[in-house]
Amino acid sequence: MFDFRDRIEELKKQFDFIIADSAPSYSNVMIAAHMSADYLLIPTLLEKQARNAVGKQLTYMQKIKRNYNPSLQFMGTYVTQTQVKNYKKPLKEGYLGPIDTLNLNLLIEILQGKGYSEEYILAYISFVPAAAKEAIELGLSFDEYDPKCLPAIQYKELTQKIIMLAGGK
Numbered sequence: 242m243f244d245f246r247d248r249i250e251e252l253k254k255q256f257d258f259i260i261a262d263s264a265p266s267y268s269n270v271m272i273a274a275h276m277s278a279d280y281l282l283i284p285t286l287l288e289k290q291a292r293n294a295v296g297k298q299l300t301y302m303q304k305i306k307r308n309y310n311p312s313l314q315f316m317g318t319y320v321t322q323t324q325v326k327n328y329k330k331p332l333k334e335g336y337l338g339p340i341d342t343l344n345l346n347l348l349i350e351i352l353q354g355k356g357y358s359e360e361y362i363l364a365y366i367s368f369v370p371a372a373a374k375e376a377i378e379l380g381l382s383f384d385e386y387d388p389k390c391l392p393a394i395q396y397k398e399l400t401q402k403i404i405m406l407a408g409g410k
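Mind the numbering: the sequence shown is residues 242 to 410 in the numbering used here, read in order.
In silico BS3-like cross-links for lysine-lysine, where the CA-CA straight-line distance does not exceed 27 Å:
no.	residue 1	residue 2
1	K253	K304
2	K254	K306
3	K306	K253
4	K329	K397
Treat the hints as calculated values from the structure; they're not laboratory data.
The structure displayed is predicted, hence computed values, not measured ones.
Sequences are here, hints too, so could you generate the full structure?
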């Protein structure tokens, strides 16, 4: 873990951003990623297990911040594969289906319980089954497959928000 952190520190001299993706389960990989990170960004789904994993990640982050990486900050979370029911309605009033709206409210409660507001939900990435399936089958990103599809646009917006929050240009 400490070796990983030291190697990441060396890489930080060469790159503006380094993204370490790890499973949400408590493991040496997750600990090493948190120990070497400046920010924690958590992708999630609007499902019970996924939203509960956000709470666990924040608990792990607080422990690692206290013991190993005092500069670690929670940047936020973003919801992927969002099943939009009605694009014309407000987020909590019909934009999503009833179960997803319930899960969103429970995710917000988890964030608030850890001291973070719902503004820490940085984006909602729509799920477009046909585009997702075709892009995956072709081995392409959404942007490569169809830069005008909604998920590609939403990921670009999220990327710009992440760069801004990290102090980039």
